[in-house]
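Chains as they are written, first to last, in my numbering: chain H, 291 to 428; chain A, 3 to 196.
No lab work stands behind these hints, which were simulated from the structure alone. Be careful, since some hints might not be right.
[Stated by the list, open to error] Per label pair, the in silico range of CB-to-CB distance:
hint : chain 1 : residue 1 : chain 2 : residue 2 : range
1    : H       : V311      : A       : Q167      : 42 to 48 Å
2    : H       : K337      : A       : A159      : 42 to 48 Å
3    : A       : M110      : H       : S385      : 30 to 36 Å
4    : A       : M64       : H       : L381      : 20 to 26 Å
5    : H       : Y333      : A       : M110      : 32 to 38 Å
6    : H       : S385      : A       : K63       : 18 to 24 Å
7    : A       : M64       : H       : K359      : 29 to 35 Å
8    : A       : F27       : H       : K366      : 17 to 23 Å
9    : A       : I115      : H       : K366      : 42 to 48 Å
10   : A       : A159      : H       : T306      : 21 to 27 Å
11   : H       : V369      : A       : A119      : 38 to 44 Å
Where is the CB? At the ideal position from N, CA and C, for every residue including glycine.
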Amino acid sequence: MSEIAHGQEGAHEHSTKPYFVVFAALIALTFITVGISYLDLGYAGNKLLGVAVAIVKASLVVLIFMHMKADGKKDKYLVVAVVFPLCLFTLIVMSNFPDVVFRGGDNARHFEPGPWDNVGHKTDAGAKPADGHEGHGH
Amino acid sequence: MAHVAEAHTDHPSSLDISKFGMWLFLASEVMFFAGFIAAYIVLRTADRGEVFSHGQHGLNKMLAALNTAILIFSSFTMVMAVHNSKQGNLAKLRQNLILTILCGFGFMVIKFIEYKAKFDLGHGPGFDLFYATYFTLTGFHGLHVLAGMIALGIVLANAGKFTPQYNTPVEVTGLYWHLVDLVWIFLFPILYLI
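Let the sequences and hints guide you as you build the complete structure.
Following this line, the structure appears as structure tokens:
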């Protein structure tokens, strides 16, 4: 049994070729993502592609550089340790979505200025309920 | 390779436990940055004016791209250092650890140049919401780079102790260093590119 493990471990340890390949891929993807940023693919297009490239790069780092591909097979709990916070992150962002949807983008133009608009009034706190009320009215 | 037989007993090896502990810590780090990134996404989406897009256009894309390449290279030298420690090649281990630390130093120097350019224009963290989030995200990331450099320095100072049987500190410090790279892989596009 230990010999089988030795074989797997050995194959994983002796070859540095994947590291070189991943390094080259990460540099290439960095050029690609910078290049894409100069193209106009629409508001969502640029953002989705930019994040997609980042996810590919991050996956390469986690799977190969951080040995998740090899270690994750041996120890499933490591996979849980990575997937769990990612789910939490999605949850954190999603939990903010009502705010993003109702106040953000084009819809937001119909609302009163928010505290971030630097309007200089001290009545921001007082303006908020009115803001929400107006939203209901529409 | 005598350690292999030792590692496959009923009890998990110390490396497995250390690695798991480091992964849990990294998970907490991911959530730490996730909170700030979520705040950035929400504030930016809710931004009706030109605060975020204007702020983003004021950043130096090319310096940030160079920093990205430096951190990617440092991740590569780090993974080679872990490989060297498993092979018992201490000379190469030291060499790769030094390269990794130097990359971290180079990253911080470029970050300093970027920060200085912003402060010279009066664009500090209090300038507007974009700069508030920009300095929060890159500042905390920079602190992580510094912490990683210190940890790598300690590993380097103890490099003589590592053998193919004992190299846990190199491996877990490597995991931390890769996380620093990972965070930057996301910060680079969301702050500078898209």
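A quick look at each hint next to the structure:
1. V311/H <-> Q167/A: 42 to 48 Å: Once the Cβ atoms are compared, 29 Å apart, the range 42 to 48 Å for Q167/A and V311/H is violated.
2. K337/H <-> A159/A: 42 to 48 Å: Check passed, 44 Å falls within 42 to 48 Å.
3. M110/A <-> S385/H: 30 to 36 Å: 34 Å, holds
4. M64/A <-> L381/H: 20 to 26 Å: 35 Å, violated
5. Y333/H <-> M110/A: 32 to 38 Å: Holds, since Y333/H and M110/A (Cβ atoms, about 34 Å apart) stay within the stated range.
6. S385/H <-> K63/A: 18 to 24 Å: About 32 Å separates the Cβ atoms of S385/H and K63/A, which means 18 to 24 Å is violated.
7. M64/A <-> K359/H: 29 to 35 Å: Holds, since M64/A and K359/H (Cβ atoms, about 33 Å apart) stay within the stated range.
8. F27/A <-> K366/H: 17 to 23 Å: 19 Å, holds
9. I115/A <-> K366/H: 42 to 48 Å: 44 Å, holds
10. A159/A <-> T306/H: 21 to 27 Å: 25 Å, holds
11. V369/H <-> A119/A: 38 to 44 Å: Since V369/H and A119/A have Cβ atoms about 42 Å apart, the given range 38 to 44 Å holds.
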